[in-house]
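Engineer: Chains as they are written, first to last, in our numbering: chain A, 4 to 330; chain B, 267 to 593; chain C, 19 to 525; chain D, 29 to 377.
Keep in mind that the hints were calculated from the coordinates and are not lab data.
If you're wondering where the values come from, they're calculated on a predicted model, not measured in any experiment.
Check the hints yourself; a few may be wrong.
Partner residues aside, some chain D positions facing chain A, computed with beta carbon under 10 Å [said to hold, decoys possible]: (1) L115; (2) S119; (3) P166; (4) L177; (5) R179; (6) I297; (7) I343; (8) T345; (9) G346; (10) L349.
Listing some non-contacts, in silico: residues in chain A with all C-beta distances to chain D over 10 Å [claimed, not checked]: (11) T13; (12) L16; (13) V20; (14) V22; (15) F35; (16) R83; (17) V88; (18) I91; (19) I94; (20) F97; (21) V166; (22) L215; (23) L322.
Virtual Cβ for every residue (Gly too), placed ideally from N, Cα, C.
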Amino acid sequence: MRTFLRSRETGILAALVIVVLITTIKNPSFLFSQDGFRDLLLTPSILVLVAVGQAIVIITRSVDLSVGSVVGLTAYLTGRLFIDVPGIPIIVVFAAGMALGAALGLLNGALVAFGKVPALVITLGTLYAYRGINVLWAGSNRVNASDLPKDFLALGTSALLFVPYLTIIALIVVLVAGWYLRNQRGGRELYAIGSDPDAAQLYGLGVTRRILVAFLLCGALAGLAGVLFAARYGTTNSQTGTGLELQAVGAAVIGGVAIFGGSGTVYGAAIGAVLLLTINRALPILGIPDFWQQAVVGTLIIGAIVLDRVLSLRLSRQLISEREVSA
Amino acid sequence: ATGCSSSASTDTSTGAAASGSGDKNYAITFLPKNLGNAYFDTSDKGGSKAITEFGGTYAEVGPATAAADAQVSFINTLTQQGVGAIIISADDPTAIGSALNEARAAGTKVVTFDSDTDPQYRDLYINQATADGIAKIEVDLITKQIGDTGEVAILSASANATNQNAWIETMKKELAANHPNVTLVDTVYGNDDDQTSFDKTAALLQSHPNLKGIISPTTVGIAAAARYLQTSQYKGKVALTGLGTPNQMRDYVNDGTVTAFALWNPADLGYLAAYGAKALIDGTITGKEGDKFTAGALGEFTVGKDATVLLGEPFTFTKENIADFNF
Amino acid sequence: MSISPSNSGPPALELRGVAKAFGSVVALTSADLTVHMNSIHALVGENGAGKSTLVKIVAGLYQRDAGDFLLRGESVDFRSTAEAKAAGIAVIYQEPTLFPDLSVTENIFMGRQPTQRFGRIDRKAMRAEAEELFTRLAVRIDPDRPAEGLSIADQQIIEIAKAISVDARVLIMDEPTAALSGVEVDRLFAVARSLRDEGRALVFISHRFDEVFALCDTITVMRDGQYISTDAIQSTSVDEIVRRMVGREVTDLFPKEVAPVGDVLLEVEGLTSAGVFHDVSFTVRSGEIVGLSGLVGAGRSEIVRAVFGVDRYDSGAVRMHGKSVPKLNPTAAMAAGMALVPEDRRKQGLVLESSVARNLTLSTRTRLSRFGFIDSSLENRAAKDWAGRLEVKTNALDTEVGTLSGGNQQKVVLGKWLSTNPEVLIIDEPTRGIDVGTKAEVHRLLSQLAGEGLGIVMISSELPEILGTADRVLVVREGRITAEISRADATAESIMFAATHSTESIQ
Amino acid sequence: MTISAPADSRTGTRVYAEYGRPFWMRLLLTREMAVIVALILVIVIASLEVRRFGTTTTLGFLLLDVAPILMIALPMTLVIMMGEIDLSVASTLGLSSVLLGILTQAGWPVPVAIVACLVMGLVAGLINGLLVTVVGLPSLAVTIGTLALYRGIAVGLLGTTAVTSFPAFWTGLAQSKFGSTGIPVAMVLVVALIVVFVALLHFTPFGRGIVAIGFSTETAHFSGVHVNRTKVVAFMLTGLIAALAGIYWTFRYGSARGDNAMGLELSVIAAVLLGGVSIFGGKGAIHGVIAGVLLIGVLQSALRLANVSSDVINIITGALLILSVLSPRFLSWFRSLRFRRATPEKQKQ
Ligand SMILES: Nc1ncnc2c1ncn2[C@@H]1O[C@H](COP(=O)(O)OP(=O)(O)OP(=O)(O)O)[C@@H](O)[C@H]1O
Ligand SMILES: Nc1ncnc2c1ncn2[C@@H]1O[C@H](COP(=O)(O)OP(=O)(O)OP(=O)(O)O)[C@@H](O)[C@H]1O
Ligand SMILES: [Mg+2]
Ligand SMILES: [Mg+2]
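When you get a sec, could you build the whole thing from the sequences and use the hints?
Structural biologist: Okay, here's the thing in structure tokens:
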């Protein structure tokens, strides 16, 4: 209980609750209407997936800037599959999207792990390259909602007992990823690698393999997000997902994932993603004009990392004074 | 053309121009706001048809995302390639001005269509419909659907789109003058991006619980808004109209999400623009008021004030007639 | 010494003629080591003799360039630490290597956590086991706290717990006691003996001969990356071992000329930094060498870093010539006439990827510029001058400093600081990892500098160095100065006593 | 105090060459030279293969296009060489553009408005710098935040409107060229900045400090380099130049808009890294960066002239970037293949 109250996730969850509360008081339909409730859950679901993948990579002290481009490619792939292979089962499309995402992620991971070069540069490169491939492939074509099967589109908007399918998928992913990171050796090793890569080497942890896995997971989740993007928005073109990488990194950072690795949880990243997008939706209701919303988001990101820093400084000062006492 | 053939692939325009009819440079390039936009795909196809008819060379280049500085680079390149005419939909009324003037100084004719620049930067503007005409039809459609009373909002493209802003201004005047019981409560910007338009629609409905209608005078916006409405509680309760293409809107009209929307035929717009360019190249017209030229199957057109040619009045699409159109 | 090593069967661990070089630095030329089961084997040698490098080769972290490596009679070739671990080798590294963000328990069990169904980590079992380990070692550390902020001693204990919790047949401990207190050392030894009695082979590396002679049964000496000798512990003596370690008589190592002592240059008064050091006061006069002694981790480096303005301090004052020197501003300290040759020359002293010349002129770069621009001919002249005075062994001034040998790197650091014309030179571990010949040269240089009127503060973990060089010895224990001993009274015993027993009574 | 040790007489026994390798090797075997050679190759091939590439018009358009990236890349080099990064530059550019528009519209004289924009740039950089140094936050996270913040303010201030009426003198200055040479007048400013930054990075104590910080912040701190102050100054310079680029941008396009130069930060960083600056800090040189910027610019211009679509340009930019960081790895890998012997594990750099 004490650790729950003190944890970083709690703070940001509280912030989320406050935002929802205030907005609901101002306008009850924000929460208490069929669409309001649905959108509250639905809108952040895709970013949640991408942010979870991003968090896994950041925990290992890397970063993946190419996720936006991966989402774009897989979303377009989804549309193309439905158009070019009539009657293709939806599950196959999901598998194909995730497989493509995983492959792109694996390429990132391989370049980072074997090339021993910083992920920031590599994934900045693949951000361009994957986007280029997307534009080359899609050209000026686009996939329209009418090209996609109704069942598939329904996945993106309809709900099971008030909870949208997309949210259920995102929730499952968050829980599974969170469970894996907390309870599996592989997951703990990701933290260890991010906490001190040299020590991980000394411990004999399979650093290369783990980094590959982290990037692969990140890619696969971006791939899943791409498929769901197509289901939710119905249209995809060569620019789908542009700029998503900064949102994903921002969500993870707001959620308390340290940019230098080793600490933070996917729950935090997921809540961060929800907070980011919920604030976006709440601002117009709170009367903040459209144009100022980005400034608020920026302030939020900076506030979150400054707060995180202050808290961790306080913790380490506390640990030192504990040592003083015990010495 | 010099006839030098250092590289076959590099200079299709001049090569074709030389083989074209006589000494006229019929190399005509379309430069839409961005690639991957269904509306421009259709209009440019119309242009292509016209150019093929009179034996010129058609090309289409453009930035991946709508941005004025990217358009400038393309204008510069076309200037160097010495094309006969550029047919452009401007991302910014002034930012591309000096680049266009440079092109004109180099002998290239500049025709704007869809979205104009300031008149001093181009030779001819092909106007799809007058701002008055568009504003009036939009306002008529929405007020009729909501019973001439209640709140309406506008979902526009980017905040700087010349044509959009002109229409919005006129709509405001029209509403104030002839529909006292209808209030325009908000204008939001979807940046001609599916996802943004989609999310802005959701936010709009949330922030204005009493909203009765949405006008989206952009093809991307109206499709995204329709897609949101289709699966939301507001379907059938909130009216939606605007400018859309029949293929994108067919489903929504058939299932009752949208009753009616308007548009001119974008293919005709491109077709007319191409003939306008030809007339400029031929010297048939100079952009002077009263100049006349023949636009193939569309017949004869007269240049109006400010070197503007009007395509006609917009056409209203409804469930009854939408099956007759395919673009 | 009850149990003698059982020589039946092949040795648990055998290394023959192992060589290893890091670029131009040769760490090992020909190292031998044969460790039997049921034995605790001491490995001794001066700083930089190559002990840790040998350990890391056994651990699979480094791959040897040449030589044989046998485990229970079979030749092995570890490509990673995981392989060595799997073969039953556990290592306590000299520098603790913990994951700061993870809990103490996780640090102990990382990579081999107990699991339940579906590979789920059994946290309860893990925590219980950690508690058990700490009980066995008789220490109190919260198993749930993060490793971040642990003292060096606690970190070392976690390393020990980590190593003994593995069911290893060969356990190597690289200076595990360097930061430990008496009780902790006793517990560690009890555990080590019981492990030996279970039939395991242990290697113990330490600079403390009392511990070596109390614990071990066999002793191997290394010098300059080479095997020197192996003896049963009973058949040798400390003097003998030391002679073999340094390769000559100890006495002629430090040619000390006592210089006339002049005015007070540096005064430090009541310097305190919470959690690091408390109420530290001392003075340094012109012409004297003040030795700062104490156990590793006592906080000596932190004190001088704060004095020089690299680290912050909470209260107290630093004065040069009676004028106070601003806090946390090395530039101001330099301007006041101080220079600090730091402890870790690779991380703090040098820009390894830069050239010899750039390093030599880094602290004087402003002085070497004209109208705000660096005068490169002036810079090169200064660099040539200082490289020459200290006889740095390199061909060209644009050689990357990282490729020089340790001793030559140390000379570059010295040159870099001497070129600032200091009045007080603070020098932290001046001869760590430096070969015997260079060591004497450094000592002569220090002595000569003092003779020319510099005030010198020298930190050293090597008692002979302190005894041989210092005019006055300050002993630091747990962040406090516990004794000031004059050259005449300074002996190994008096210093060690002050370093381990506080003048104040501590429970 | 002079040190005569070990003995002045012995000083002469060892002769030190200033350089270990002959001049041509030092000149040619560098990362920067590889980029310059690549640039020259691309120019030569483009001139031969792409019609109308080798003209003064091309040169003019090319320089106009790369000028903002080139400007911002200069201070960005300092920042990246210290192991930091600034993602907020394009947003600062946009904010500066918007501010210029608003102020001139409000009737401020242009020179005064320009000064105000530059001050704003300094403040934007100062905020980044203080958050990174005093608060101790990673610059990647900080500047993701200010990227959104500065852009948000820019978009918020101007909303739907764009300011497009600027005195012809200023827009003319940003667009005009020196007679028929094709060289834009604005290049005078860019060249001046290049000179300043070359001097700053390579010939001043400040620059030496930057290199030392980049290789080892700790050593720099121990050597009396004001680490925090240097970092703050570099971030402020970046803000200042980004604001300057914003002014240039506004006049060149004659349009102040909130979304000007959106996404430019990645192009700048890509160019800097391509120019041989190490993301770990320490390594890099201005001439390499200039070559990096021009390499991307020339490639884009040539490909566009050759009617190769912009997507291929993206792919090539990405591939170049990845290759440029991997190339040292490939080299050492080849070397290790040649001397097939166990080499030390490369410890963390
Ligand atoms: N990674 C490395 N790169 C370059 N040189 C190294 C590296 N590790 C060790 N050395 C050098 O190898 C030599 C032997 O070092 P090693 O750490 O093995 O000595 P040691 O006997 O353990 O000394 P100590 O008693 O101080 O721990 C030293 O000169 C050291 O500077
Ligand atoms: N990484 C660390 N985290 C927390 N405390 C530390 C850390 N490193 C050192 N300390 C603390 O700082 C103090 C001094 O440590 P340090 O090893 O630098 O002392 P020292 O006397 O300089 O040792 P040396 O003999 O190696 O020079 C000790 O109280 C130690 O516990
Ligand atoms: Mg050692
Ligand atoms: Mg120390």
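Engineer: Check the structure against each numbered hint from earlier and tell me which ones fail, lowest number first.
Structural biologist: Per hint list: zero violations.
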